[in-house]
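Using the hints provided, position chain X relative to the given structure of chain G.
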Amino acid sequence: MVNKKLIALLTVLIFSLVALAGCGSSDSGGKQQTKADDAIKIGFLGAKTGGHASYGLETLKGMKMAAEDINAGGGILGKEVVIVEDDHGSKNSEASTVTDKLINNNKVVAIVGDPTTGLTKIAAPIAQDNQVVLLSAGAVGTGVVEIGDFIFRDTLLDALAAPAVTKYCTEELGWKKVALVTSINNDYSVGLSKIFKDALNKYGVEIVTEQQIKDGDTNFSAQVTNLTGKEFDGIVFTGYYTEGGLFMKEVRKQGMKQVLVGGDGLLSPVLWEMGEAAVEGSMVYTGFAPDTKTDNAKTKGFIDKYQSANDNKLPDMFSAQGYDAVMLIADAIKNAQSTDPKVFRDSLAQTKDWQGVTGTITIRENREPIKSPVYLLEVAPTGDGGSREWTIKAAIPVTAD
Amino acid sequence: MFWQQLINGITLGSTYALIALGYTMVYGIIQLINFAHGEIYMIGAFVGVIAVAVFKINIFLALFMAMAVCIIIGVSVERIAYKPLRRSTRLAPLISAIGVSIFLQTLMTVLAGPQAVGFPQVVDDQLYHIGSVTVSKVQLIILILAGVMMIGLQLIVKYVKIGKAMRAASEDYDTASLMGINVNRVISFTFAIGSSLAAAGGVMVGMYFNSIHPLMGVMAGLKAFCAAVLGGIGSIPGAMLGGLFLGIAEVTGVAIGYGGYRDAIAFTLLILVLLFKPTGLLGRPIQRKV
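If you read the protein sequences in the order shown, they are chains G and X.
Okay, so the first sequence: first residue is 1 according to the working numbering, each after it adds one.
Okay, so the second sequence: first residue is 1 according to the working numbering, each after it adds one.
With the rest of the complex left out, here is chain G (with noise of 0.2 Å):
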């Protein structure tokens, strides 16, 4: 008896909570449409929590500060730029819902996002069906703007970054011969290494030896040995920090003195943790860098704003890019004179020479950019015992061939 009172009970209780529900949905629904005549939204798809939470974060950081700055400057075409956020939480799974939301419920004109390869290349076909501009900040990846003519990005490309790295080893560190290593179950290391042959190549560096190594090793002492006897000048890693370290810690146990280059999936500091002094002197290329010194104007506005904001922490590249994505799209809105992302996406693709706060960037044909310069960090100590910090090496130009 009592059973059955309760199931009523529940019964009425989820009837009651689901017609809530739905008049919640269909009160907020009918604000946005009002909303959306007098704002120009931007989406963000990205994560605020699960895994790569972090740069979800950042890069959410530099959009609002973008769309700020914007609206206090009195907006684009009269309106104001609001960013509309969502939360995919890291899961693959998520992120075309969220996508789908952002524009039939939400109908940005215009989506900022993923940071990561995987889950803008989910995103990109729902944009790309719809006739939305998508703009990833943050996708390095292949086969991303392949998808379609709405798809962007804003993210410095290691196939233009490792080129001008290697250049600049060759004509200013004056190598000649280096030693390559790759990490073979790291897709990321792969890709980059084939990049870095091609260059080394191109500038006439021999490869005295190649090395391969794995993800989660941490026994890397029968690789160096074979790096010992041979003459070169410095080491081209591809890999990730944890491995980054401990090689060149075992590099030196075993006598010797070069040191590394390698893409950004070197940069973390848990590469001075893992190599200790090791690592000093190795270098790490960034599309973007916290540069307090620079004499670019934008750059230092957006530093000075980000550090006055953020208990004095230094943006990093995901917000940097975030902010440059959100003035790309204001920008090619302003020049089209239109919201309509079926006329502005032509203003966006014919972007050149723009100044960002990461740079000069210029959309090539294929709606990747070229963006200049890029910044090659050494790992330096702070001077109080034993610590480390990025320096700025210098800030190589990019050119396309």
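Since no wrong hints were added, every one of them can be taken at face value.
Reference excerpt, derived from the structure (chain G facing chain X, CB under 10 Å, subset only):
| no. | residue |
| --- | --- |
| 1 | I213 |
| 2 | Q223 |
| 3 | R252 |
| 4 | K253 |
| 5 | E273 |
| 6 | M274 |
| 7 | E276 |
In short, the hints are calculated from the structure, not lab data.
This structure is a prediction, so every number in the text was calculated from the model and none was measured.
Idealized CB from N, CA, C, for every residue including glycine.
Leaving out everything else, chain X in the frame of chain G:
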């Protein structure tokens, strides 16, 4: 170069051998493959790091601390997870071992975080040059310590009373207990020795490769298990030989340019040995009771 790589291989192999000893002894006595053994090794490494980095304890003292902690854990695991299942099917304690292994991995991941932790530089890394070969102080320490421990174990098993009891129990568990041997004590002792050796291996590996993480026991445990089977599971000299053999084979593979296949090498060797000599290199032929 050849001799240098050989030293790399022997150093790696001796750490495998230390872990393999635990597998082999436990299997020899209760026919259980203790899959949680790799996790004991991992915990040993973490205790070593905490002792050295947080409490600034001398590395040798830290080694003993790690061994002591792991003896307690190893023996408790046996009491909690295996002893109640001793009279059930062979499969039950095996599953229980896998459960313990996953539990310990997860526990350490929660406590220490999923990132790899650097092992502080405890021994100033002096290099000794002998001809064209360079040996580091850490490598020497590992080789000497591993050697001393293995010889010590062999002496215990051969000449000390509890060692004789272990051999008797491994010969025939039930008869041994009928002869007045306290088999439970023997089993606890076996777990204690095995765990302490694994802990020592963990600290040494941390010291040598400078990085430890909560999942380090998985691959090392599998490799050591391979080493034990290669040498002939149940045989103590076999575990040492198997460990060294595996370490050298792996390093040789990397040295000739197959760095990506280093894990595959271990398991391919295992399959080959099992195909041609199913009892392992030093294993006794299987006797059929008539």
